[in-house]
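Novice: Given next are the chains, with one letter for each unit.
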Amino acid sequence: MKFVGKAKLLKKQIINEENFRFVIKRSDEMGCVYPGQFFNVSASKVGYPMLKRPISVSDVGEDTIEFTIKIIGEGTRAMLDYNEGEAVELMGPLGNGFEYGGYRKILVIGGGIGIAPLKGLINSLKKTEVEIHSVLGYRDAPYLYEDFAANSAICEIVSENDEQYNRGYVTDPVKKMLESEVYDMIYVCGPYPMLKNLTDLFNSKGFRAQLLMEEKMACGIGACLVCTCKTKNGDFGFKHSRMCKDGPMFYSDEVIFDE
Amino acid sequence: MNKLKMKVDLNGLTLNNPITVASGTYGFGREYSEIIDLNQIGAISVKGLTLEPREGNEGRRMVETPMGMINSVGLQNPGIRFFIENEITFLRQFDTKIIANINGNTIDEYCKMAKILSDEDVDSIELNISCPNVKNGGLAFGTNPKIVREVVSKVRKACKKHLIVKLSPNVTDIKTIARITEEEGADCISLINTMAGMAIDIHNRKPFLKRVSGGLSGPAIKPIALKMVYDVHSVVSIPVLGMGGISNTTDAIEFILAGASAVAIGTANFSNPYAPLEIKKGIEDYMRHYGHVDFNTLIGDLRM
Ligand SMILES: Cc1cc2nc3c(=O)[nH]c(=O)nc-3n(C[C@H](O)[C@H](O)[C@H](O)COP(=O)(O)OP(=O)(O)OC[C@H]3O[C@@H](n4cnc5c(N)ncnc54)[C@H](O)[C@@H]3O)c2cc1C
Ligand SMILES: Cc1cc2nc3c(=O)[nH]c(=O)nc-3n(C[C@H](O)[C@H](O)[C@H](O)COP(=O)(O)O)c2cc1C
Ligand code: FES
Numbered sequence: 001m002k003f004v005g006k007a008k009l010l011k012k013q014i015i016n017e018e019n020f021r022f023v024i025k026r027s028d029e030m031g032c033v034y035p036g037q038f039f040n041v042s043a044s045k046v047g048y049p050m051l052k053r054p055i056s057v058s059d060v061g062e063d064t065i066e067f068t069i070k071i072i073g074e075g076t077r078a079m080l081d082y083n084e085g086e087a088v089e090l091m092g093p094l095g096n097g098f099e100y101g102g103y104r105k106i107l108v109i110g111g112g113i114g115i116a117p118l119k120g121l122i123n124s125l126k127k128t129e130v131e132i133h134s135v136l137g138y139r140d141a142p143y144l145y146e147d148f149a150a151n152s153a154i155c156e157i158v159s160e161n162d163e164q165y166n167r168g169y170v171t172d173p174v175k176k177m178l179e180s181e182v183y184d185m186i187y188v189c190g191p192y193p194m195l196k197n198l199t200d201l202f203n204s205k206g207f208r209a210q211l212l213m214e215e216k217m218a219c220g221i222g223a224c225l226v227c228t229c230k231t232k233n234g235d236f237g238f239k240h241s242r243m244c245k246d247g248p249m250f251y252s253d254e255v256i257f258d259e
Numbered sequence: 001m002n003k004l005k006m007k008v009d010l011n012g013l014t015l016n017n018p019i020t021v022a023s024g025t026y027g028f029g030r031e032y033s034e035i036i037d038l039n040q041i042g043a044i045s046v047k048g049l050t051l052e053p054r055e056g057n058e059g060r061r062m063v064e065t066p067m068g069m070i071n072s073v074g075l076q077n078p079g080i081r082f083f084i085e086n087e088i089t090f091l092r093q094f095d096t097k098i099i100a101n102i103n104g105n106t107i108d109e110y111c112k113m114a115k116i117l118s119d120e121d122v123d124s125i126e127l128n129i130s131c132p133n134v135k136n137g138g139l140a141f142g143t144n145p146k147i148v149r150e151v152v153s154k155v156r157k158a159c160k161k162h163l164i165v166k167l168s169p170n171v172t173d174i175k176t177i178a179r180i181t182e183e184e185g186a187d188c189i190s191l192i193n194t195m196a197g198m199a200i201d202i203h204n205r206k207p208f209l210k211r212v213s214g215g216l217s218g219p220a221i222k223p224i225a226l227k228m229v230y231d232v233h234s235v236v237s238i239p240v241l242g243m244g245g246i247s248n249t250t251d252a253i254e255f256i257l258a259g260a261s262a263v264a265i266g267t268a269n270f271s272n273p274y275a276p277l278e279i280k281k282g283i284e285d286y287m288r289h290y291g292h293v294d295f296n297t298l299i300g301d302l303r304m
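Respectively, the protein sequence lines represent chains A and B.
Position one of the first sequence corresponds to residue 1 (the numbering used here), numbered consecutively onward.
Position one of the second sequence corresponds to residue 1 (the numbering used here), numbered consecutively onward.
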């Protein structure tokens, strides 16, 4: 089921200089909303920028959905101008999210705003009996880590610039954890170089992970083919899958990364 | 309330109403059929087809620019055979006309495709002459009047269906091209395709698109498209299917007054999937407001 229309902004919350949170009224017409899925959200009331912005659900409540948004450019900055109580035009839920049934022990790895959709994932898991290990990477001071800290057996935080934490990239702790632990599934969301480096690591060790990926989008539903992800197989030895419709979740052994 | 007559004849292709959707923006209708009722749309021009399947361009394919977007999809499509075997029956469930948009590397390829599709259940063939001509250094077929004459005349002979020729706006004199198209037997002209454009990331000093440039569409090109539709309508007597940035009722009516017998909605579908239906209703309201019973009386009704 896809909802196309307006939904009320119940709560707008500033997280820090770069990030904010929207809590949106969830309507029945949206049907089930799964972690890893996204909505195409209008950046402004006036129709500029023209294209909707894809934003992952970072949590799903009884009758709410949450977005966590990082200010990147014109569109995400414009979103900040919505006021509580106003209607936000959006479309969704879209795409294939995470697959998570039946796993007992999982590793989630998030970088920056990529942590947001993983938060939705672990919050839909915590009731069941899953052992969660988390590795979260930041450029500066950590945010969005609370739910991970509260629900994970191990929660490693690294930061490139914040001296209070282990300095460096997520790959360092991940390497160590993969040596001593066995996971039923690994989930990753973050910037492209992080996905690429981790995938190289997984491939060399024979692990398989679910990657939540990103590309510029227009239609958001699979019709226009501007949002491709290069994947294996297909008539040409590779295939241009649609990020919005076939993804945004792809398995690490399906994706072909650009140099 | 008066019953309005919305049917329009594009010189052998009769649409239930003048609202169509533009090639490449609607796939084969499957995705949008989950959102809107395709029976309400006059025609669907399907994703540009090629003789063989194509995976399209690598790397980043889209950059948004002020009130527009530049795409470089590179004609990714499953090929004409797959279309025939898998997509036509799906589209036939709906009471809408099927326009097969064809794209070739050579004139021969265009002709082959026109021939194959002539025996299939499509309502019209749209010849996209904005493709790069492999034999002519990759310059688009549609930019050279001599080549336009050659490709249209040959495809006309190979094509037993209603034939639309879709013009490229990247030309100095659209009127000459349009006249040639009519002379060589096109049943209808559609325009405009996207305009060549580019955008640069000033921080890494690289073009945003891996292929450097692409096709600009959306409201940014609307005034240019409108002028071209007006110009073409003034020199040909075959019907014109107008497009280029149409996003709302006002835009659509401008094109119709400038001479378009029908309009296509492209990029606007991305921001508003209901755009075709809203525009259709908007045109009906406009007709009632100004006392038109037959849509056809609105076409080209520009007052100077
Ligand atoms: C499936 C999916 C889920 C997503 N989920 C989330 C989410 O949950 N939260 C979230 O915050 N984001 C998410 N994103 C990313 C989000 O959609 C983008 O950050 C957003 O679309 C950016 O829009 P914008 O207009 O703010 O930036 P844009 O203007 O599109 O800019 C994007 C980038 O290009 C750069 N740029 C733009 N123009 C120029 C220029 N002229 N020169 C140099 N650089 C330039 C910007 O600095 C920026 O780095 C998701 C994306 C996808 C595909
Ligand atoms: C993503 C995209 C893909 C397109 N693919 C095709 C195509 O395959 N064949 C074609 O004739 N036109 C193609 N077009 C051009 C459109 O059909 C249309 O002529 C153009 O976008 C102008 O209309 P608009 O501004 O309303 O989108 C494409 C446009 C877009 C945006
Ligand atoms: S955004 Fe149109 S196919 Fe993905």
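Keep in mind that the hints were calculated from the coordinates and are not lab data.
Hints are supplied without guarantee of correctness; some may be wrong.
As the list claims (entries may be wrong) - Selected chain A positions facing chain B (Cβ under 10 Å, derived; list incomplete):
id, residue
1, 2
2, 6
3, 50
4, 51
5, 75
6, 78
7, 81
8, 218
9, 222
Unchecked claim - Residues from chain A shown here face chain B by an in silico Cβ test under 10 Å; the list is partial:
id, residue
10, 42
11, 70
12, 72
13, 74
14, 76
15, 220
16, 223
17, 228
18, 238
19, 245
Quick caveat, the model's predicted, so the values are computed rather than measured.
Where a beta carbon is used, it is the ideal one built from N, C-alpha and C, also for glycine.
Novice: Evaluate each hint against the coordinates.
Specialist: Hints, verified against the model:
A hinted interface residue such as residue 2(A) counts as satisfied when its beta carbon comes closer than 10 Å to some beta carbon of chain B; here the least separation is about 6 Å, so the hint holds. The interface hint given for residue 6(A) is violated, since its Cβ lies 12 Å from the closest Cβ of chain B, which is over the 10 Å cut-off. Taking 10 Å as the C-beta contact cut-off toward chain B, the hint placing residue 50(A) at the interface holds, the least distance being around 5 Å. Among the interface hints, the one on residue 51(A) holds; its C-beta lies about 5 Å from the nearest C-beta in chain B, closer than the 10 Å criterion.
With its C-beta approaching chain B no nearer than about 8 Å, residue 75(A) sits inside the 10 Å limit, and its interface hint holds. Because the beta carbon of residue 78(A) sits about 13 Å from the nearest beta carbon in chain B, more than 10 Å, this interface hint is broken. At its closest, the beta carbon of residue 81(A) sits 18 Å from a beta carbon of chain B; the interface hint therefore is violated under the 10 Å criterion. The criterion of a C-beta within 10 Å of any C-beta in chain B is met by residue 218(A), whose closest approach is roughly 4 Å, and the hint holds.
Restraint check, residue 222(A) versus chain B: the minimum CB separation of about 5 Å is within 10 Å; hint holds. The beta carbon of residue 42(A) comes within 8 Å of a beta carbon in chain B, closer than 10 Å, and the hint placing it at the interface holds. Interface restraint check: residue 70(A) against chain B, minimum CB-CB distance 17 Å, threshold 10 Å, status violated. Evaluation of the residue 72(A) hint against chain B yields a violated restraint, the C-beta minimum of about 12 Å exceeding 10 Å.
For the restraint placing residue 74(A) at the interface with chain B, the shortest Cβ-Cβ distance is roughly 9 Å, inside the 10 Å limit, so the hint holds. Given hint, residue 76(A) at the interface with chain B, is violated; its Cβ is 13 Å from that chain's nearest Cβ, farther than 10 Å. Annotation: residue 220(A) was flagged as interfacial toward chain B, and the flag holds, the nearest CB pair being 8 Å apart, inside 10 Å. This hint holds: residue 223(A) has a C-beta 4 Å from the nearest C-beta of chain B, less than the 10 Å allowed.
Evaluation of the residue 228(A) hint against chain B yields a held restraint, the C-beta minimum of about 7 Å falling below 10 Å. With a cut of 10 Å, the hint placing residue 238(A) at the interface with chain B holds, because the nearest CB-to-CB distance is about 7 Å. Taking 10 Å as the C-beta contact cut-off toward chain B, the hint placing residue 245(A) at the interface holds, the least distance being around 7 Å.
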